[in-house]
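Novice: Dock chain one against chain two, each of which comes alone in its own frame, and use the hints as you go.
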Amino acid sequence: MSKNIRNFSIIAHIDHGKSTLADRLLEYTGALSAREMTEQVLDSMDLERERGITIKAHAVRLLYKADDGNDYILNLIDTPGHVDFSYEVSRSLASCEGVILVVDASQGVEAQTLANAYLAVEHNLEIIPVINKIDLPSADPEKTKEQIEDAIGIDCSDAILASAKEGIGTKEILETIVKKIPPPSGDDKKPLKALIFDSWFDNYLGVIVLVRVFDGKISPNKKIKLMANGKSFEVSQIGIFSPKIKPVDNLSAGEVGYIIAGIRNVTDTKIGDTITDADIPTEEPCPGYKDIKPMVFCGLYPTTSDQYEDLRDALNKLRLNDSSFIHEPETSLALGFGFRCGFLGLLHMEIIKERLEREFNLSLLSTSPTVVYRIIKTDRNVLYIENPALLPEKYDLIEEPFVVATIFVPKDFIGPILDLCQEKRGIQKSFNFIGKDKIKVEYELPLSEILWDFYDRLKSLSKGYASLDYEFIGYRESNLTKLNILLNGEVVDALSLIVHKDKAYHKGRELAEKLREIIPRQMFEVIIQAAIGNKIIARETVRSLRKDVLAKCYGGDITRKRKLLEKQKEGKKRMKQVGKVELPQEAFLAVLKVK
Amino acid sequence: MKADCLYIHIPFCIKKCLYCDFFSVPYDESSAKRYSDALCIELILKKDSINTLKTIYIGGGTPSLLLEECLKNLFKCLRDNFNLLPDIEITIEINPGTINKSKLNTILSLGVNRLSIGIQSFNDTDLIVLGRIHTSLEAKNLLEMIRKAGIHNFSIDLMYGIPGQTMDSWQNSLSKAAEFSPPHISTYELTLEEKTPLCKLIKSGEVRMPDEELILKMYNHTIDYLSSSGYEHYEISNFALSGFRCIHNLNYWDRGEYIGIGAGAHSFINEVRSKNTEDINAYIECLNNKIIPKAESTKITPLDAVKEFIFLGLRKREGIKIAKFKELRLNILNICEDLIDEGFLEIERGYLKLTRKGIVISNTIIVKLFGRLRLDS
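So the sequence lines, in the order shown, correspond to chains V and E.
For the first sequence, this note's numbering begins at 1 and goes up steadily by one.
For the second sequence, this note's numbering begins at 1001 and goes up steadily by one.
Chain E on its own, in the form it takes in the complex (with noise of 0.2 Å):
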């Protein structure tokens, strides 16, 4: 089997952020150069496992950190290499503070039809919580000088929950990122997690995260609000436009292949989930020896695919086709039937999907269903 998604990492960044947990390192040019060098070795090497792209997602980390020239090389290795659909949808996360006109240029000329950036906030309390580097000052720049360079594909990230932010704040975020029409709108609540400074604030009692009542207010909000102003929601999480919806994360919902490439990414391919190493010296040092820097890799098997299948697919607000679940040996029905009684799952044109009231208690709904799943044989 071959992939058509393909994520490539790039897990360099100015300074983390307070409440990230995810595999960064400070970054610096040279290490960044022999990177970028890396990952056009890993790519060539994980050859046979692509197929024609029709996704390309280059994400961080903050990829808009690279040198212009690393950014060249890696594209020129992509298309070098590999068929690339013609309507391909290739994204990259841009943060405000690490990118200039030129870079944003060069990235457009490299073919790349589709910016994610880390905005987070319009208030800039909430960047400080955060620990992030730049100010709404710099977010407004930074979507103005996208706006004038007339891209129209684009997503803004937001983040709600924040220690301090007030309902108020947050309508003003939307409002804000509203402003500029992107056609994609991803809002996440912060989650705490462990280890992290914020974390440690929070544990100390230097900050309170906020009511989880204010919390859950906030997120039927941002349904509300964004559902009236013409976005879908398509995702627990993930709002768009008609004809705009994230495909390679469409991808991960669904449950389809992806190659991951870089330190610390993930691939999944003939039901065996992999990741590479974190460590980028053993990484550069291992793909300089042609060998892949795998860390770690489970095969799948049919019952925890079936669990994938249910917890991702019930992500996306369509829910998962009912056909499917006999494709897998799975009544699903029989097993739901107190839950759609109950009103968390609803079954809409022979799709089972969570309700406005079952999405957000959607782990506890999975979780039953995870304790019920008998597969015939």
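Next comes chain V alone, as it looks inside the complex (with noise of 0.2 Å):
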């Protein structure tokens, strides 16, 4: 019967037409009628929160008729589109046998195009190269063939020219999944082996999980193990997204579906953790498991103390469908209670923080971004500080994240993308050309110059041309200094950095310029300074304010002025008391500013 399977996933960089292919594919097999069908069913959040689960669904089983005359099982996996959530795109990808690759037409080759055939060249799927957006009038789809060729390495003769817009290529998308992509295969005799790709909380089944079924069978009330922390649960249902959800009796080799065990805690259901049976366990694990790490951490405070409690709690529902940020209390001299969190990357922090304000109607204050620093004490030991503020007087060594930053840009741009990558600390690795006009380079950057300016910059140098990929590669020492900022004589610890030396005093310098033009008159003078250790490296000041008074109110003036007055007040809202200084949000990302 696995004969007739055919799993994959659809991989592209963002915006070259993934979700609308999706969408075109659950058309044409009927998947949805077309009264069902809504613009981009696989995407959309809000979509999701209204049909409930069935369209939560990352992994479609799509029904469908080839010209062979043979019914196939089509099973569409969904990856995330982001580069923060690689990994998770690596274990969707490992679910597969082959992949779609969209590259726009007009766009060319993008980094995360490179970044996800690259995962599926890992991965030694099938890759089915499809042309997109060929209606648009500036579609070249010869020069696109020719960078997929040049950055990938395959054979685009037979790429499909595809308009998922218009619907054009649809059928013989299909047609070549099931002519090219090979059937799964896998052993249902063997032992239960059953890799998790997705998993996430629902309020009425508890949490669901999406695999894929690599050996042996799954059934109701049979007891599973996760492998990873060695839980056992017991299946009350299993079944398949159609993408409604529809319970089936079993899942054998090679299928794809959904598990539900009647798990509380989605942390217990990792990405890449292998399922297997509690009784007779497989022997080997999926290949490929990992314990994700969060990269990129930052504080969240409420503006007022007496959300805290809210912001505990809609942390901790967030959490329950996120398993990939983690959050701890903190506490800040400056700020008060908060808490520090981590996240897979800049893009993932500014979707939960999203997220908290407008799902939960919070008010709330970030400090900037921060890497993990990885500190060697005098006495040896190893401290890893996700808060500049901690990181200890004396150490012997200090350590901090690098990644491998790929860079497609037209070769008009590289110019000043080579000397920001320079700027940046960077160190290159490759320079090619892709085709005619791109070049991708490869640079060894720090994590921590890329969550600062980097990708902005990058865009705008490139006038939104240049696109990124980066890949953590591990820890190396820097040159690095803790760079303090002083109100008034005292130091506000959430305004603490940990920079490179040879940059210390020009950031020190430009940050308490910025901090000046960004921190508002108050009823008293305002001193900021930089300090590197105790040796205060540049100082400002802002003037107390000097005049803010009605000149006049009259009988026909009151409800006005009133409403002037509270208007002012408003404004003050987002203001964070630290000692007697007011802060506005933006001076605890005053650093983002500095060059």
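Derived from the structure by calculation, the hints contain no laboratory data.
Note that the structure is predicted; figures quoted are calculated from it, not measured.
Just so it is clear, CB atoms sit at the ideal spot from N, CA and C, and this is done for glycine as well.
A hint or two may mislead.
To be verified - To be clear about the criterion: a stretch of chain V counts as covered by chain E if any three or more of its residues have a C-beta under 8 Å from a C-beta of chain E, and this derived list gives those stretches: (1) 100–112; (2) 214–222; (3) 493–504.
Claimed, not checked - Keeping only pairs whose Cα atoms sit at most 30 Å apart, straight-line, the calculated DSSO-like set for lysine-lysine is: (4) V:K567 x E:K1299; (5) V:K593 x V:K293; (6) V:K552 x E:K1290; (7) V:K563 x E:K1321; (8) E:K1046 x E:K1002; (9) V:K190 x V:K217.
Specialist: And the structure:
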């Protein structure tokens, strides 16, 4: 039976048309009727919430009758579309035998096209190149093919020309999936071995786990074991998404579906873990499991202390659905009680922050993002710090995380991009032409340099054309030091930074200057100082507020003047009082604006 | 409840001053006549809300533009329909260039006992920048006329912070005013209002506002100079010799009730603040049909009442009686401790007041207090 199954993903750079193509496939195979069809079904959060779990189906079973007369089961496994989630992408790909590589015919190959394609190559997947958006006037399919061949080294002579938007090429893609992607192998008789590639918490059903079964069979009432933590659960329901949730009697080797097993905590079902039979376990788990660690940290604080409990509840709720971010209570002298939160990357951080503010109606203040530093203490013990304020006075060595960054850029913009990488302490690893006018460069860079203004500047230096992907490569010793900011003589811990020594002086000066622009005038003078150790390297003054008074207020003015004062009060709401000084949110992110 | 303070608005001007965003229209005799008839109708319609009167204030616009017969009719209507306290304060605003001896005598004969004179400056350059219609000579002549008429209760309005004004020219205006020994002086910082011609001139860069530090110096100098000349600084912008404070205006800062009559006039009664329509024709039309032309009205919530109480009360230099906060169930001392420690507020003889250091940034301080308001239930 498994010879009629095809497991595949669609991979693409952001906005190259992945979601639209998925919609077309669902529509063409009749998985959703035209009436049920809403634009970009697999992608929409609001829809997910509205329709419950039918749509949060990151694996959809499509039924397709091919031109050869046979019926096929096509399992479309969705992949998260951002660089921060490359591990999740790799687990989704590990569940497939092939991928559709979608490339925008006018944009050509971009950084994530390549990153995703390399992942597919690593997993020995059949790659079906699809040149999308050929209906656009600026489309250049030949150039795009040339770029794919150059960059990835796959033959594009029979790449499919498509327009997901216009429905061009949909059938050809389905036929090619059937013909080119091999059916899954695996043995029903062997002990159960299933790979978790997604899981989430549902209020009614508990944790729902998406799996690809490699060996054996799974059916309700079976006792299963999660190999990473050894916990056992009894299966209560299994099924597939069509994309409507549909229970089935069993899932066997080669199939993709969901498992519900009374699991309460999404942290138990780590992506990449293997599910096996609790009684007759498999000998070897699926390869490639990693306990993924957050790379980027920031402090999140409520602007008013009465929202602390609400923030804690909100973080706990978000965590139910996202085991990749972590939070721990933290206390800052300046900001009071809050949480140190860790994220997979900057985008992940932005998403969580936005959801906290939007869905939970919180007013938050975040400190500037930081990486995790590795400190070798004088007693040779190793310490990881996620908050610059915690850097000890004395240590033997400090190391910072490095990444290898891959940048794609049209050749006209390469000069300033190379300068930028240089400025950010980058070490060039490769430089290649992709096609005639695109260049791929690889740099080893400290992750911290990417956190700050790197991406924005990359985009502005290339008029938006450059794309970036990066991967963690390890810790390296660096010449780093702590830069403190003092307000009226007091160190504000939430403004402390760890910076490269060669840049500390310049950064301190610029940061103090930025803060002077950002901090509004207050009832008293505010002295801003930047210090390295005990040495003050910059000093700026925010003059005290001199005049803020209503010249007159008589019988006809009272309501208008009250509203004026209330408006002034509203403006202060997002300010955080640090000691006596009121700081706006921008003050904590000022460092991001410093070159 | 009935109010014992009455405000009558006369929205006519010969020409709008460049800085003014108050509601006013160009004067024409026939509409002014119809308007003053309408005022009388409104007075009668509001009869039930008006008690024996303690103050009447005729403001504008330029009330001194009204014809003598209009003024006479208005006062006849007042005296026919209302009781006036024997020591009632009746103020009218007058502007140089709009009043002669005969009109002045008529005004006095009607019982007006306080004049508020819109002098603004004794420096002709300032007057041009402000777009006033009069010269400093006309101002002096008017004050001379008032002196000769034996009027002793009058107030002079002056302005500082005018583009081009120097410390010397401001001092000149202050001393010239003092020469006429007015028992009351109002000194207003020129406030740049959106959409006024002056604001446009500033934005286009043709004219520059004086430096903030200079304005502050002018303000502080005003307080020192007038205090040393025997004036009490009794409100942020008001100075008076003993016994000459403006009772009508004090009522606003005490959050007292008042009835306003006229287009665009405001009233405050039974915790409702309301405003008449500003459209003069609509105003007249409504009243001819015996309808009060109310344009908007807002019920003041207890929290808003406390806010008003604070920001209005702190305008008075004596401040707010602490006992009053207890009536409002507000523990004021809890929320202003640090501001007292830092010298922005102080407590004197049972009153909470702004210090000299506090006045100039009073908005900031009030806004801080607003943010801390928690009413005990």
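Novice: So which of those numbered hints doesn't the model satisfy?
Specialist: Violated hints: 1, 2, 3, 6; rest satisfied.
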